[in-house]
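Peer 1: Chain by chain, the residues run as shown.
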Amino acid sequence: MKIFITILSLFFITISFAQKQSSDSTTAYKKRVLETIEIDFLSSYYTQDGDNAAVTGGIGTEELKDIASDIVISIPLNDDDILTINATVSAYTSASSSNLNPFDQSGASRGDDDDDKQSLNSKLASSVTGSPWVESTGASQKDVWINGNIAYSHSSDDRNKIWSANLNFANEYDYTSFGVGGSYSWLFNQKNTEFGVKGNAFFDTWNPKYPTELDSYLETNKNLNAGFFSPIDIIDQNGNITDKNGTTTWSPDKYSSIEDKSRNTFSLSLSFSQILSKNAQMSIFLDLVQQDGFLSSPLQRVYFGDRANFYVGNASSIPNYTSSSNRDVFQLADDIERLPNTRFKTPIGARFNYYINEFFVVKTYYRYYTDNWGVNAHTAEIEIPIKITDKFTLYPTYRYYTQTAVDYFAPFEENLSTQEFYTSDYDLSSFNANQYGLGLKYTDIFTKIHLRKLHMKSAEVRYNHYERNTGLTSNIISFGFQFQFE
Amino acid sequence: MKRIVYILIAGCFFTSCVAVKEYEKVNLSDPDMNLSANKSSKFETSAQLYRESASGANGGKSGGGCGCN
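Note that the protein sequences, when read in sequence, are chains A and B. Counting from 117, one number per residue, gives the positions in the first sequence under our numbering. Counting from 4, one number per residue, gives the positions in the second sequence under our numbering.
Calculated directly from the structure, the hints in this document are not laboratory data. Mixed in with the good hints, there may be bad ones.
Have a look at the derived ranges for each label pair, beta carbon to beta carbon [claimed, not checked]: (1) A:Ile-357 - B:Lys-42: 19 to 29 Å; (2) B:Lys-42 - A:Asn-473: 23 to 33 Å; (3) A:Pro-192 - B:Val-29: 42 to 52 Å.
Okay, derived cross-link-like pairs now, BS3-like style, lysine-lysine, Cα gap no bigger than 25 Å in a straight line [as the list claims (entries may be wrong)]: (4) A:Lys-573 - B:Lys-42; (5) A:Lys-277 - B:Lys-28; (6) A:Lys-147 - B:Lys-28.
Here are a few chain A residues that face chain B, going by a calculated C-beta distance under 10 Å [unchecked claim]: (7) Thr-209; (8) Glu-474; (9) Tyr-481; (10) Asn-488; (11) Tyr-511; (12) Gln-600.
Because the structure is a prediction, the values reported are computed rather than measured. Every residue gets a Cβ at the ideal spot worked out from N, C-alpha and C, and that includes glycine.
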């Protein structure tokens, strides 16, 4: 806390110092902030796999594929003002959405549709199987995330003060988000020093989707002879069919649907940039982030170690439940993930860039992160742009990341029903990760290549491979193009 | 950790008195010297936002507006 008070104090002291210096700014020539309309296209293809899916309680396939596209249009409204419009569409297939309902590998949906349940009800018990290691197929596994952002920025005549405001909208199958933000930047000391302050607020509303078995349990008022379970046998750990009217069958009594469907995020960001020499510059960022509301993911199952286990599917596969060879038995959840309804995050980061010579630049980044859920994390990144020719630059990159677990994390079957909060989401576990990447960029400052009025300024391709010591691996390839509209 | 932060901030204050003139900023104006994250790494950062607990302090998002942590 002392650090933050010190940083804030120094921030305001330096602003007052800056006021004395601001008169040295050059105002003789006023250049347009942006000469012409600029258009940035970005597309990526992402794949991942692992064995710790949160939707199935910390075991199971994490397979995911995502294709995303992004367009940013920057429009100069006059000499000083820019309007920026950004739209992003991301279409993915994943186990996390499909295995909300893992019981129908032939195409039932997430379990939120009555038609799906009726479809399941019409099947014979013996045909209903599932596995955390098999992605349910059909419409259920696909989804689309859309995001739109519009921003307006204004620069002062001397280009030393810039303010901006933005509105944001995002939508996915299980939430909708509205965001609003603003920022103010101040350059002084002959534009050698810059302070920035930025505020953002996101107001998210969940449209919660629950695991099929839990959803049905409440929907039928805990009657296992109705709804989804009507035609299905529930099996115990020994493979015996349980009496659904008895006391020794599956009974997730800790489960309840969520009442507060909101999630609010408020962030304040302070930044400081400084030119250190003709070849070096650095910046420091500090974010203070407060979140409140439902901060768990309602689709993520939890299995308690102090509760008996019950299954649906092939009893002979129960001994191999945690093995990927299990293709036809599924353990019924004890509850969904439960996490506190407030979280305070404090990341502080720094960048340092050094121009070695006309061929090499070194770009470095470090971040320390802490929050009140018990996570401490370090991120270190280095990129060395290498100018191969005057038009082509190579970008080898390396990133290391490590974090401690949240206080509420435990692996599959290791949380206890006596706890207030629990999760088996490995994204919240203790792990470290390495990322290796390579990019190639073509830059043409004279924009000779053009398609009608679209003149290409640059084209770029990047590939990154990510490895986590929990077994998760991912690959992403991105393509970017920047055009001027003339 | 505290020492590093103090040293960095102190360093910033001392160096802020030394100004590099506009005509001396040729190397600093190189696009690769930009102090913000690469535009083309947007989707990499987005994936990290979902797969890791830490976020923010990089000029980008620090939570909210996504199905992430």
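Peer 1: All hints are to be evaluated individually against the structure, with a verdict given for each.
Peer 2: A quick look at each hint next to the structure:
no., hint, verdict
1, A:Ile-357 - B:Lys-42: 19 to 29 Å, "58 Å, violated"
2, B:Lys-42 - A:Asn-473: 23 to 33 Å, "25 Å, holds"
3, A:Pro-192 - B:Val-29: 42 to 52 Å, "25 Å, violated"
4, A:Lys-573 - B:Lys-42, "14 Å, holds"
5, A:Lys-277 - B:Lys-28, "20 Å, holds"
6, A:Lys-147 - B:Lys-28, "17 Å, holds"
7, Thr-209, "15 Å, violated"
8, Glu-474, "9 Å, holds"
9, Tyr-481, "7 Å, holds"
10, Asn-488, "12 Å, violated"
11, Tyr-511, "8 Å, holds"
12, Gln-600, "15 Å, violated"
Violated hints, listed in ascending order, are 1, 3, 7, 10, 12; each of the other numbered hints is respected by the structure.
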